[in-house]
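Put together the whole structure using the sequences plus the hints.
Protein chains: 6
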Amino acid sequence: MRPSGRQTDQLRAVTLTKDFTKHAEGSVLIEFGDTKVICNATVEEKVPPFLKGQSQGWITAEYGMLPRSTDSRMRREANAGKQGGRTVEIQRLIGRSLRAGVDMKKLGERTIVVDCDVIQADGGTRTASITGGFAALALAVERLIAKGVLTESPILHHVGSVSVGIYQGTPVLDLDYAEDSNAETDMNLVMAEDGRFIEVQGTAEAEPYSLEEMNAMIALGQKGIQELIGLQKNMLAGA
Amino acid sequence: MRPSGRQTDQLRAVTLTKDFTKHAEGSVLIEFGDTKVICNATVEEKVPPFLKGQSQGWITAEYGMLPRSTDSRMRREANAGKQGGRTVEIQRLIGRSLRAGVDMKKLGERTIVVDCDVIQADGGTRTASITGGFAALALAVERLIAKGVLTESPILHHVGSVSVGIYQGTPVLDLDYAEDSNAETDMNLVMAEDGRFIEVQGTAEAEPYSLEEMNAMIALGQKGIQELIGLQKNMLAGA
Amino acid sequence: MRPSGRQTDQLRAVTLTKDFTKHAEGSVLIEFGDTKVICNATVEEKVPPFLKGQSQGWITAEYGMLPRSTDSRMRREANAGKQGGRTVEIQRLIGRSLRAGVDMKKLGERTIVVDCDVIQADGGTRTASITGGFAALALAVERLIAKGVLTESPILHHVGSVSVGIYQGTPVLDLDYAEDSNAETDMNLVMAEDGRFIEVQGTAEAEPYSLEEMNAMIALGQKGIQELIGLQKNMLAGA
Amino acid sequence: MRPSGRQTDQLRAVTLTKDFTKHAEGSVLIEFGDTKVICNATVEEKVPPFLKGQSQGWITAEYGMLPRSTDSRMRREANAGKQGGRTVEIQRLIGRSLRAGVDMKKLGERTIVVDCDVIQADGGTRTASITGGFAALALAVERLIAKGVLTESPILHHVGSVSVGIYQGTPVLDLDYAEDSNAETDMNLVMAEDGRFIEVQGTAEAEPYSLEEMNAMIALGQKGIQELIGLQKNMLAGA
Amino acid sequence: MRPSGRQTDQLRAVTLTKDFTKHAEGSVLIEFGDTKVICNATVEEKVPPFLKGQSQGWITAEYGMLPRSTDSRMRREANAGKQGGRTVEIQRLIGRSLRAGVDMKKLGERTIVVDCDVIQADGGTRTASITGGFAALALAVERLIAKGVLTESPILHHVGSVSVGIYQGTPVLDLDYAEDSNAETDMNLVMAEDGRFIEVQGTAEAEPYSLEEMNAMIALGQKGIQELIGLQKNMLAGA
Amino acid sequence: MRPSGRQTDQLRAVTLTKDFTKHAEGSVLIEFGDTKVICNATVEEKVPPFLKGQSQGWITAEYGMLPRSTDSRMRREANAGKQGGRTVEIQRLIGRSLRAGVDMKKLGERTIVVDCDVIQADGGTRTASITGGFAALALAVERLIAKGVLTESPILHHVGSVSVGIYQGTPVLDLDYAEDSNAETDMNLVMAEDGRFIEVQGTAEAEPYSLEEMNAMIALGQKGIQELIGLQKNMLAGA
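Residue numbers (the numbering used here), protein chains in the order written: chain A, 1058 to 1296; chain B, 1058 to 1296; chain C, 1058 to 1296; chain D, 1058 to 1296; chain E, 1058 to 1296; chain F, 1058 to 1296.
These are calculated hints, taken from the structure and not from any lab test. Predicted model, so just to flag it, every value in this text is computed and none were measured. Possibly wrong hints are sitting among the right ones.
What the hints assert, rightly or not - Think about it this way: if two alpha-carbon atoms lie no more than 27 Å apart in a straight line, the pair counts; the simulated DSSO-like pairs of lysine-lysine are:
#1 B:1075 - C:1079
#2 B:1290 - B:1204
#3 C:1139 - B:1103
#4 A:1109 - A:1079
#5 E:1109 - D:1103
#6 A:1139 - E:1103
#7 B:1103 - A:1139
#8 E:1139 - F:1109
#9 F:1109 - C:1109
#10 B:1139 - B:1103
#11 F:1109 - D:1075
#12 C:1109 - A:1109
#13 B:1204 - B:1139
#14 F:1079 - D:1075
#15 F:1075 - F:1163
#16 E:1103 - A:1079
#17 B:1280 - B:1290
#18 D:1162 - D:1109
#19 B:1075 - A:1139
#20 C:1103 - C:1079
#21 F:1109 - D:1079
#22 B:1290 - B:1075
#23 E:1139 - F:1103
#24 B:1109 - B:1204
#25 B:1280 - B:1075
#26 E:1162 - E:1204
#27 A:1103 - B:1139
#28 A:1075 - A:1290
#29 C:1280 - C:1075
#30 E:1204 - E:1109
#31 D:1103 - D:1204
#32 C:1075 - B:1079
#33 B:1163 - B:1204
#34 C:1103 - C:1139
#35 F:1103 - F:1079
#36 C:1079 - B:1079
#37 D:1139 - C:1103
#38 B:1109 - D:1109
Written out as structure tokens, the structure reads:
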């Protein structure tokens, strides 16, 4: 039934490549099938003005797409002179999601900036960015510990994210572009490793959806996020 | 328990004032307690470029806050030279929510722009904007019908919105600022009049939240939105 | 002769509503007939960089119009990415006019920002903004005195403003939109309560105008501003 | 009494150099003492969108200052990314003033853009721009007639401009920077050659000013503008 | 002598990966040692306004760096609201260089946009962008021919580019970051496959350089560019 | 053969007018035939943030063109809201070139900003800006010495610049607009007074050019720059 032939509860092939680029404190290439996002975590020894002197850190994210990451070329935002509304919305979501997994007090007065740059898009770029971004963040934290900058991990729990939706009347996990562009409902879930919710963003694209449909989508999402957090942990463990 | 003394499932005093300003095709002042938003619907006999020649209409929304609608003055966005990320995120949410209640084919090749301007803020400005904005939109549609421009209503069902959250461990309906700024979880719900979902946006501000908490919040939201849609209908009925 | 049936020297119905919104230190809704402007004065305990350390204060103003305050919708300036030339010109005029009524040394090292937001326009929004803005400023000053922050009023004299013009060959007071859009000459006057001039801005829209016409307009303006300053004082006196 | 030793009703040495640059249809360097402004009029065979198809022309102006035209260097506006409020205000004034001297119907469907660029500033740059800008405009019109593009002059009457003010209690004509920066009142006058008013912009810098003072300033301005219009005519006559 | 141990006339390991991303008409990842640039060529069936109706095509380029492609994080240009001066300078150079290898008449009324995005920087990103960008362009042209859109190749000759410089008094080929940041002179060469010049941009970073030094650098560049054009041809030949 | 009738190695009439405007520390009007550029050097007693506390100075340049310095009017960059790519490229070139002639340590912790504003363009504005800008810079330095701010000149050697090119197959010196717009190759040279290179920027406009052609152009440039540096020295010597 699905264009890709996947089961309704089946993720695409997901890989996380550690140390994809050499300069960042944490660098991960995450691939969900044909969706590919470079996630680079940068540690900066300062905090934004509104946090100065409060003995706590901050995590923020930025998101971008290469102009030809998509089927038809998008205008380069740097050239257009501003980030579009969709970009702004996504990078705020990524930032909130990543912060939910970290104890800001234990991070200390420093900022981790996570850049998520989509080099090829095939649906689900924001959830891939959160999942890959958290892995990059965790790598950067590992190195702060290895260097003795931090003595204790500020990570409270892993954070993963996946999209779910209703496609041709059926709840499915991890929509690719062919599904996403025709789905009746699209929901992005961000969860902690214990299955509790960090963000739920569900949008009826055509018809409103029922509580039963929402619950079915949530169940799929919980399953998928468990698998994704497993992959994050494998990557960190050095596989 | 609530700072306002309200019951956990009790809305603030909500009023919708019809024809609040004189130029707009549909103008409503909506008040949720001390939160006051002017919602003006404008009908334009054209559609955005991406819809030209497709025999369908469009609905879009813009959102703004007066600089001193808040406790401390915010910088005027027109002066800053751009709309902030929060503004962009909110106006995209309002637009999607309003479109979900209208049949674009029946609207014909015209655009309705709904401007939501907050003149006083005390929590819940985005959900008030959706609820008041839909009322303004419905007023504008009524007049298109009265003038014979439309022969049939393009409205599929009413759309209402309210916030719910977890405050001091308890699920509550319609958070005011005192609650919102301390809530563990904040969820904005947009629903159709039959209780189905149009948008769910839940964010864990402190701890992740459980499925049980989410379900409790959703039940509160369904009750509140039923009441709000009743108020929209009363206003249109001319009370 | 006038579209509204008013006498040539007659103001529209003018009302000033005290404490229109709850957050600002001084908040006034001013109405000149169908022209309605929210004037909010904010006190900030700092001065612009060019005044630092000079033991004096500053007063500045910003002006905006809701997109649908006018007959056809104007583009939102925050969305356009800049304030238009007319907006800039008006807010500079408001700022200069308000400063002319206040002793900056007695104000001390603080800034009062006066936001004038037009929610409904029917001509004369800039003069209504000055008149209402001065009332909001005076309210904020009253509260600084009541709180003991100031021991002496920095207000030198009240400041009021009105438009005058030549309409169908006749000098008239307080042009509404129907007159303004057809006037041969349009003049904005700002005066102190003793009848002296703070700003005169006269523009020939069609023919140049003579000294006799200018003097007739000035006489009308002096009468109107006397009445407006009376209304400001009534509002402050608590009517 | 005046820093320059001039009489109260005496202009600075004023010169208009015809054809100062070679590309513009009308090019004039105007000097008021040490204030020097290049005024270039460009004829474009099109009108702004709001005038299309109305068988009439348009005149607009732009104003700029070289960064080091002033005593301390100003930031280059092109680099700052926007024109400042003062610039916007001035170029709108120049545009309105020039339009007041021309019959837009007789100009035909074309636009004359007048660029006024200050290369050295010593007070009175906006009034010099109007006076020099009108001369450049008149030159461009002469050439449209000479080329047979126009058969009749669209010029209704010459337009000149000068500043007047109250300096140390005395009304004076044509303030230079030393006076302008210390004047109690500063008024910019734009007049037609018959002495009637096109624009009056008077601002109390310190004390409000009286009607008597205003009338004295106006009388000085009328005298000065007569002289300036004489100089415009001499330049056009080919002196 | 060189930090990398290379000979003075030795390129870094250079690889060109064909079809690196899936959406672009021509996609190449070029690596010069640790410098990695994604070059994507997009074919658009339109030309810029200044070329409309002239029966010829256009080639343009855009350049960007991921924020953490460098050792310390750079601000994201989309977020800063404009492209920096260095970016603008580089993308103009890339565009001119690519155009020099193509017959615009034979290309027909279409545009090829080449996006060069640096994912990891270690010196020489602009010359890598030109060399990789030309390869991506050639791939896109091949496909236009394969699809029958073009019947004849518009490519006049291959274009390659490399940097040369004076490092510790010695002319060297293909500077990496360790050399580039300490070089006395830095020269970017763009050449056709017959060894003639398309662009020469030489900059003395410390001392001015002599004609002898320039000639030595040019000889190194000619050798390097021959090798690079060989690699482009191998990639196209399908190796 | 040349449109102007000049010899292939002949400069246009070049003049440098000292103290062209009165406010700048160094002000020069440079004319290359009909190309006229005002070059103003401003001394500021501060350095950019990246140089603070390093006991050295900085030199930077800005470049602009009056809108009607050209045959058809260009849009004013301040109005467009940003500097175009060509402007950015040119002002970076001017800045680098001027810095190459000055010892930043000897300049001390101050910045010299050189503004180059083209009032009339006829080809070669960037090379005229460098040549005139260096003269203005040298004037400003002379005055710093005269005032005792500097005890020793920080100037290492004079810097001059000229364009050369291939016009109708022949290498020529100092292209005017008629040549520049039809040249096969255009090269801008910046040299020190000893004939060594500071910048070489050669661009093939049509065909790539050979090493022989480049060497012929360089020889012409060396001759021209020698003459230009002679004129700079004459101007400083007070002729």
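Taking the hints in turn, this is what the structure says about them:
Between residue 1075 of chain B and residue 1079 of chain C the alpha-carbon distance is near 22 Å, which keeps this suggested pair within the 27 Å criterion. A distance of roughly 21 Å separates the Cα atoms of residue 1290 of chain B and residue 1204 of chain B; the hinted pair therefore holds under the 27 Å criterion. Of the supplied pair hints, the one linking residue 1139 of chain C and residue 1103 of chain B holds, its CA atoms being roughly 25 Å apart against a limit of 27 Å. This hinted pair does not check out: residue 1109 of chain A and residue 1079 of chain A have alpha carbons roughly 30 Å apart, beyond 27 Å.
Of the supplied pair hints, the one linking residue 1109 of chain E and residue 1103 of chain D holds, its CA atoms being roughly 20 Å apart against a limit of 27 Å. At roughly 24 Å between alpha-carbon atoms, residue 1139 of chain A and residue 1103 of chain E fall within 27 Å of each other, so this suggested pair holds. In summary, the hint linking residue 1103 of chain B to residue 1139 of chain A is supported, as the alpha carbons are separated by about 26 Å, within the 27 Å threshold. Simply put, residue 1139 of chain E and residue 1109 of chain F have alpha-carbon atoms about 26 Å apart, close enough for the 27 Å limit, and the pair holds.
The straight-line distance between the Cα atoms of residue 1109 of chain F and residue 1109 of chain C is roughly 23 Å, inside the 27 Å bound, and the hint therefore holds. Note on residue 1139 of chain B and residue 1103 of chain B: the hinted pairing holds, with a Cα-Cα distance of about 25 Å set against a maximum of 27 Å. For the proposed pair residue 1109 of chain F and residue 1075 of chain D, the alpha carbon gap of about 48 Å is over 27 Å, so the pair is violated. Restraint check for residue 1109 of chain C and residue 1109 of chain A: the C-alpha separation of about 23 Å stays at or below 27 Å, so the hint holds.
A C-alpha spacing of about 38 Å is found between residue 1204 of chain B and residue 1139 of chain B, which places the hinted pair above 27 Å, so the restraint is violated. Our distance criterion of 27 Å between C-alpha atoms is met by residue 1079 of chain F and residue 1075 of chain D, whose separation comes to about 22 Å. Between residue 1075 of chain F and residue 1163 of chain F, the direct Cα distance comes to roughly 25 Å. Compliance with the 27 Å bound is thereby established for this hinted pair. Of the pairs offered as hints, the one joining residue 1103 of chain E and residue 1079 of chain A is violated, with about 39 Å between alpha carbons and a cut-off of 27 Å exceeded.
For a cut-off of 27 Å, the pair hint linking residue 1280 of chain B to residue 1290 of chain B stands: about 16 Å separates their Cα positions. Proposed proximity of residue 1162 of chain D and residue 1109 of chain D is supported: the alpha carbons are some 13 Å apart, at most 27 Å. As the CA atoms of residue 1075 of chain B and residue 1139 of chain A are separated by approximately 37 Å, the hinted pair breaks the 27 Å bound. For the given pair, residue 1103 of chain C sits about 22 Å from residue 1079 of chain C by alpha-carbon distance, which is consistent with the 27 Å threshold.
Using a Cα cut-off of 27 Å, the hinted pair residue 1109 of chain F and residue 1079 of chain D is violated, with the two alpha carbons roughly 45 Å apart. Of the supplied pair hints, the one linking residue 1290 of chain B and residue 1075 of chain B holds, its CA atoms being roughly 12 Å apart against a limit of 27 Å. Distance check on the hinted pair: residue 1139 of chain E and residue 1103 of chain F sit about 26 Å apart at the alpha-carbon level, within 27 Å; holds. Between residue 1109 of chain B and residue 1204 of chain B the alpha-carbon distance is near 24 Å, which keeps this suggested pair within the 27 Å criterion.
This hinted pair checks out: residue 1280 of chain B and residue 1075 of chain B have alpha carbons roughly 24 Å apart, not beyond 27 Å. Pair hint residue 1162 of chain E plus residue 1204 of chain E holds up; C-alpha atoms about 19 Å apart against a cutoff of 27 Å. A distance of roughly 26 Å separates the Cα atoms of residue 1103 of chain A and residue 1139 of chain B; the hinted pair therefore holds under the 27 Å criterion. In summary, the hint linking residue 1075 of chain A to residue 1290 of chain A is supported, as the alpha carbons are separated by about 11 Å, within the 27 Å threshold.
Restraint check: the Cα-Cα separation between residue 1280 of chain C and residue 1075 of chain C comes to about 24 Å, which is no more than 27 Å; the hinted pair holds. About 24 Å separates the Cα atoms of residue 1204 of chain E and residue 1109 of chain E, which keeps this hinted pair within 27 Å; it holds. This hinted pair checks out: residue 1103 of chain D and residue 1204 of chain D have alpha carbons roughly 18 Å apart, not beyond 27 Å. Annotation: proposed proximity of residue 1075 of chain C to residue 1079 of chain B holds, straight-line Cα distance about 22 Å (limit 27 Å).
For a cut-off of 27 Å, the pair hint linking residue 1163 of chain B to residue 1204 of chain B stands: about 16 Å separates their Cα positions. A hinted pair counts as satisfied when its Cα atoms are at most 27 Å apart, and residue 1103 of chain C with residue 1139 of chain C qualifies at roughly 25 Å. The suggested pairing of residue 1103 of chain F with residue 1079 of chain F holds, with an alpha-carbon distance near 22 Å, which does not exceed 27 Å. For the suggested pair residue 1079 of chain C and residue 1079 of chain B, the alpha carbons sit about 24 Å apart, so the restraint of at most 27 Å is met.
For the proposed pair residue 1139 of chain D and residue 1103 of chain C, the alpha carbon gap of about 26 Å is at most 27 Å, so the pair holds. A threshold of 27 Å between alpha carbons decides the hint, and for residue 1109 of chain B with residue 1109 of chain D the separation of about 23 Å falls inside it, so the pair holds.
Consistency with the previously given hints fails for numbers 4, 11, 13, 16, 19 and 21, ordered from lowest to highest.
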